[in-house]
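Throw the hints in and build the complete structure from the sequences for me.
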Amino acid sequence: DTAVSQTPKYLVTQMGNDKSIKCEQNLGHDTMYWYKQDSKKFLKIMFSYNNKELIINETVPNRFSPKSPDKAHLNLHINSLELGDSAVYFCASSPLAGGSYEQYFGPGTRLTVT
Amino acid sequence: DAKTTQPTSMDCAEGRAANLPCNHSTISGNEYVYWYRQIHSQGPQYIIHGLKNNETNEMASLIITEDRKSSTLILPHATLRDTAVYYCIAAKDKIIFGKGTRLHILP
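The listed protein sequences correspond, in order, to chains A and B. For the first sequence, the residue numbers in our numbering are 7 to 120. For the second sequence, the residue numbers in our numbering are -12 to 94.
No lab work stands behind these hints, which were simulated from the structure alone. Please note that a few of the clues may not be correct.
[Unchecked claim] Keeping only pairs whose Cα atoms sit at most 20 Å apart, straight-line, the calculated EDC-like set for lysine to aspartate or glutamate is:
(1) B:Lys(-10) <-> A:Asp36
(2) B:Lys39 <-> A:Glu59
(3) B:Lys81 <-> A:Glu88
(4) B:Lys81 <-> A:Asp36
(5) A:Lys58 <-> B:Asp69
(6) B:Lys81 <-> A:Asp24
(7) A:Lys50 <-> B:Asp80
(8) B:Lys79 <-> A:Glu30
[What the hints assert, rightly or not] From chain A, some residues computed to sit far from chain B (all C-beta separations above 12 Å):
(9) Gln12
(10) Asn68
(11) Pro75
(12) Glu88
(13) Ser100
(14) Glu108
(15) Val119
[Unchecked claim] Footprint (simulated), chain B over chain A, 3 or more residues, beta carbon under 8 Å:
(16) 47 to 55
(17) 110 to 118
Source: prediction; values computed, not measured. Every residue, glycine too, gets a C-beta built ideally from N, C-alpha and C.
See below:
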């Protein structure tokens, strides 16, 4: 069983479209995250949710909106896609919101905006 | 979160121990030292973490200096599959990835 899964693995779309990436974890963790890794390979945190509540919201355009229907899922909706949104997006989960914890990452979704 | 400094790249012969250094001289008392790695085209993988004491698990050992200003990740018997970018992170509750060390395992 895959601990943290993401769909789709690849996503190619045109500028201006709206798309969603789904993430699910079966580890029973309370906290989930979205990260963006750009073409220069820098990995940056975007959002963090603990038990369906937003706890970290980095400086991300409001075109990006996370949605957590339950603590096992954290989806990422992106409106009005731009060329600069092309990147690999990783979902992750961890057992605790604070203190010592380790994060488990999904395989990534490669988004290409044309 | 404390800033960390790592060498850009390192080589290690297959079968030998790989020792990856990390400086975190501004680490605060409640920040942990985490190590992750990212194998090409995969998601980052948690390796190990520690606060003050040295730690060991099935993947690696973490040696933290007594003043906590630096640490070393040790892969005891490196294999070709250990070729990856290794990230050292000093953090309390938000992990910030730096540039990491690109470790090449040589056959």
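Unmet hints by their number, sorted upward, for this structure
1, 2, 3, 5, 6, 8, 9, 13, 14
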